[in-house]
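Chains Z and X supply the protein sequences, listed in that same order.
Per the numbering used here, residue 34 is the first one in the first sequence, and the count goes up by one each step.
Per the numbering used here, residue 5 is the first one in the second sequence, and the count goes up by one each step.
No lab work stands behind these hints: they were computed from the structure.
Warning: the hint list may mix true and false statements.
Which residues of chain X face chain Z? A few of them, derived with a C-beta cut under 7 Å, are [as the list claims (entries may be wrong)]: (1) Pro9; (2) Asn11; (3) Asn13; (4) Leu26; (5) Pro32; (6) Thr75; (7) Gln78; (8) Ala79; (9) Gly308; (10) Ser309; (11) Val310; (12) Ser316; (13) Ser318; (14) Leu319; (15) Gly365.
Cβ-Cβ distance ranges computed for the label pairs, FRET-style [as the list claims (entries may be wrong)]: (16) Z/Ile452 <-> X/Ala256: 47 to 57 Å; (17) Z/Ala486 <-> X/Phe336: 51 to 61 Å; (18) X/Ser98 <-> Z/Arg139: 35 to 45 Å; (19) Z/Thr65 <-> X/Leu62: 35 to 45 Å; (20) X/Gln187 <-> Z/Thr226: 47 to 57 Å; (21) Z/Thr65 <-> X/Asp63: 34 to 44 Å.
Note that the structure is a prediction, hence the values are computed from the model and not measured.
The C-beta atom is built at its ideal place from N, Cα and C for all residues, glycine as well.
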Amino acid sequence: MPSNIWIIDSAGTAYYLSGPGGTSGVYSGTGTPWTAQATSPIQLSLNDKTGQSYTPIAPEPVEVYGGGPPFAVGSDLISRGYGNVTEEFGLQINASTYNNAVAVLRLLRRVLAQAIWTRPIILAVQPNNATNVVYFNIYGGKIQESGSFINEEAAASPQLIRATVTWTRSPFGGWLTTPETLINAVTVGNNGTGATDNVEALGGSGSGDMVTEGSPLNVSILNVIEAVDVVHFYVAVVNARTYAALGTAITTNSTTGITVVGSNPSFTSYLTTKRRPRVLLRFTSPSSNLQTRIQVYVGTGATATVYTSPWIAANGGAVAPAATLIDMGTWEDLLDQTIVGGNTYAINIQARSTTGAATSGTLAAIETLDYYTFCEIIGTDDPTNVYATRIDTFKQRSGFPCLPQPPTSYGYDTPGNQILSFNRIRGTAPQYISGASLWIAQFNTANYDTTTANTFTVTATHAPLFQTLRGNG
Amino acid sequence: MFPLPININLFQRSLTSTPGTLLLDLAPLCNTYDHAISATFGFESMSVNVAATLDEALDYADLLFSPVIVTDPQARIMWEGYLAQVDITVGGRSRSISLDAMANRLRVRYTTVLGTPGTTATASNTTSQGFYGVKDAVISTSETTATVAASLRDSALDSMAFPRAVPASELSTGAEADSGGVQVVLTFAGWYATLGWVLTSRTDTSTEATSTQVGALIGTASPGIGATNPVLNTATTNIVATGVNDTRLIAADTSYRQKIEDLLSKGNSANERLAWGIYENRAFTVAQWAGATPSTIGYRTRLGSVLVENGSGSLIDPWLVRPDAMVEEQDFIEVGPPSGATDLVSRFYLERVTFSIDQGGYRLNLEPAATDSLASRLARIG
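Just chain X, same shape as in the assembly:
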């Protein structure tokens, strides 16, 4: 158990936007916990290390895509997502199974020997979709026929339709082989990742506010992803108006995530960058980035203390620290900082937060933006 009484509630799989029946609280079983939250993803990843019997470890492997909600001792949500990968280590051997390489709806794009392009119909494994929802993939091949392309589609679907073992299986001799006990690492992904599961297209070339388009793309009615995988909260309350219009056109085989990020990378009408992600209750959030007003400090830290203060000087529990905020180190005093500068020695824009707990205590890592240059913004647009 941890020195911090959190709850890590794991629920039954559900293809709706709310968790199913509670399965168990993982916290009493965990040796370590860590999570990551980023300013253009939201709840990004979370993992726990669990001591288990062999039977229990095998049970975990059957729980991929189970929702998880992590709450702190004051009943506030720390992190939320779904089980994406299970790694089991026993007797010096390890096995891993993951949703990453899975695809249960496929089509093949091909060209004939004459260079004529074609696309097969989609094929689905409805059993897998009943467990995990739809996860698309497109395979490309060339100089073939429609019949062969369809055959390729079907054989690929057979091998990819269910969770795949990831390259992490190792057999070893010596002391490691005698290591007792079973260790299980459960890795969770934030719900934002499911936006990359489904491919879409749209021929409408009219323009519309990017924020409005994002709201439509997370909805349950076409063209929303919810019409296929209704696992996200469709509320748009936390999506601020961007004031920027862009085309509705979506090229074929574009994921919802790609289109949403393409729209939001345009920034807002004040020519400021946006921060976005999926947070509590699977709700999508879009806001002007905190770097637009760098003198408005979100968090304050001090050398010689692990305590974090908010901008008002009130203490913030470190596991509640979120990205998209300005962080100031109070012990540093800048002399004549240039106006308009976002990052200084004493302050920086918080792009990503990682937090971890183990038997020895907890650690909070505050990461600044690494790729915020004009060139990278242009690259996102291009």
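Here chain Z stands alone, though its shape is the one from the complex:
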């Protein structure tokens, strides 16, 4: 008994390719026997005589390397992606007459051609004894019958078409309709400290083959407390977030800058990973002429500088904000380099007046991210309705496989789920990495003023991806 393999057209009709063969699956010209596996006149090839048997082919990683010989040994891996998969396999069509056999052939060709105007058709694969089905998108294909149909096997009864199918499908398969929920309507805070803080674990039990490389995540953020009609967030997937309260009052009129905090000890070292470090500073009541800068160095000697940020306005562009969260930037971590033991990152925080007049503010805290992805979401919301912001990196709709799509972000009103605006994404939309956490910062306006007491409800769903078969996942 072959595994259960079928395709689903845009109307939701199933076409079983793994029919029983023999007299159990013969199309007599009436009905729709292909809609059930037991009666389908379409049978997959099972041996070399009948054609290439089918199994999903794993996608070929497309890796970009840089450097190499003759000046270096080996090359550096720069990035990795996956393209569509083209597969070729054989099948047979059994019918009572020539015309009925060609009718089934034509039916399959029409289904494979649908993707140009409608959604991609769906390939479903459930191996024998497998609990779960894995679903792929098919973008197009062709079917070429063999010459034996009109030559040496022309007089066969029932009529038998042997054909080769070549189709192009999505690189990964996924679950159908319903993704995996990792965070379920959890209240998240807007500060790096407190009982309800700004980090929520995604957990280490996500399904699929890609959870160590990055698989799609959809995030919904329900604004529980709204200030103005603006959507503005930072959203990151982090390995770790550290928070240190500083409470350092700043008073200066220096235009060249003073050191506010030197050798901040709260920054962890991760000099041997490919994740990114990022520093954010929290201010309260910053003057309009106050700017801040950080210098990051390796070791405590404050001489081996690895990153110097630009001078950035501590008020985040807002007018007289009570509190701000300022992104001081990121830098490329030293990759695979030998570092003597005991070295960590240390940060020197500086402040200056842009005008020469007295400036003030309080450096309330420093947050550092050890992160995988970081993005900024900017848009507008509806001030009259309870409003939700979504970041979608996979399709989550009834009857569709949960597969990757270009990231989109939009706002919608929660009473009616009506989309109200589309948001801009800067950076990398969140991805699920096993064991990572979701970090969120909300701003009151299009600037970087924030209210640390704000809370919002977060839901994160994940689309498990499979290179071939699903198994228990």
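Assemble the complex: chain Z is given as a structure, and chain X must be docked to it using the hints.
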């Protein structure tokens, strides 16, 4: 899609210094991306090759002057500008439309048969200006009358007021004619280019610091260009004081770009060259050129590696490499280099950067200064 997850956010046209509503992210649709940044322009040009249907291609042609902001995977701005030209190739034929030859505010300078000079009043197409802002042109003619000159002005305005098809339309037979699909190339220009759109003049002959004058010329109050096209950031935070005074006088029919470049070409009070341009958030930047301290290395490269290090040895993503920096090739060791030399075999002043991405990966091209001789500096002054 690219092997590098960047965002290429295209916005609705806006005649303000901030982008309008987000239209779409072009990155998922692009096959290629490249940008150029130069030390006396800032963000200079950017282009993407987009696969599209015919309807989508026609839609792009309606989006000239739409702002674009390109951000990298870490949410940092890579490039920023506006859509300047759309090239569409379909079925072996190509069509192009561009803002380059457009002008929606014209006047004519003429002389009569007696040699008496005159200038017509300006004429404007306010519909075009409502879309794209003001773009000036002056036409010269001789041995004519004021009436004819005005007629010439009006007929020229009729033909030039809206984006023009540029000479790139080709019909061909054979295999090329059967090529399937529609290819669209979107070419963007940096906001610095808009400084060349508006002509101005000033009769004030007093002198003032060149840096102060530049700040005034990008402002929204007269004599600033913002009084006409308020699309630039008026902040002067990134404009260092030059310490050099020059005349405020601006000859008639001089563009803002010409005057600004004339001022900045004077250098600073330390007799050093300046680098300038418009970068993130459309802010104007003026600084002493990095060649003034050639031993201060901005970027380090190494044979056999595509990685770029900053002066501290930390890695820099190649799409963030900016001009106006000294570049050192670490594998080359100079023996007894002359003191005071800017460029050596092992290092050079980075005048211009080009960066490109396609399905095969990315390329970074570091260009040294080509015209930095004394003669060329004198030519800029003259």
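Hint-by-hint comparison with the structure:
no., hint, result
1, Pro9, "holds (5 Å)"
2, Asn11, "holds (6 Å)"
3, Asn13, "holds (5 Å)"
4, Leu26, "holds (5 Å)"
5, Pro32, "holds (4 Å)"
6, Thr75, "holds (4 Å)"
7, Gln78, "holds (5 Å)"
8, Ala79, "holds (3 Å)"
9, Gly308, "holds (3 Å)"
10, Ser309, "holds (4 Å)"
11, Val310, "holds (3 Å)"
12, Ser316, "holds (5 Å)"
13, Ser318, "holds (4 Å)"
14, Leu319, "holds (3 Å)"
15, Gly365, "holds (4 Å)"
16, Z/Ile452 <-> X/Ala256: 47 to 57 Å, "holds (53 Å)"
17, Z/Ala486 <-> X/Phe336: 51 to 61 Å, "holds (57 Å)"
18, X/Ser98 <-> Z/Arg139: 35 to 45 Å, "holds (38 Å)"
19, Z/Thr65 <-> X/Leu62: 35 to 45 Å, "holds (41 Å)"
20, X/Gln187 <-> Z/Thr226: 47 to 57 Å, "holds (53 Å)"
21, Z/Thr65 <-> X/Asp63: 34 to 44 Å, "holds (41 Å)"
The structure agrees with every numbered hint stated previously.
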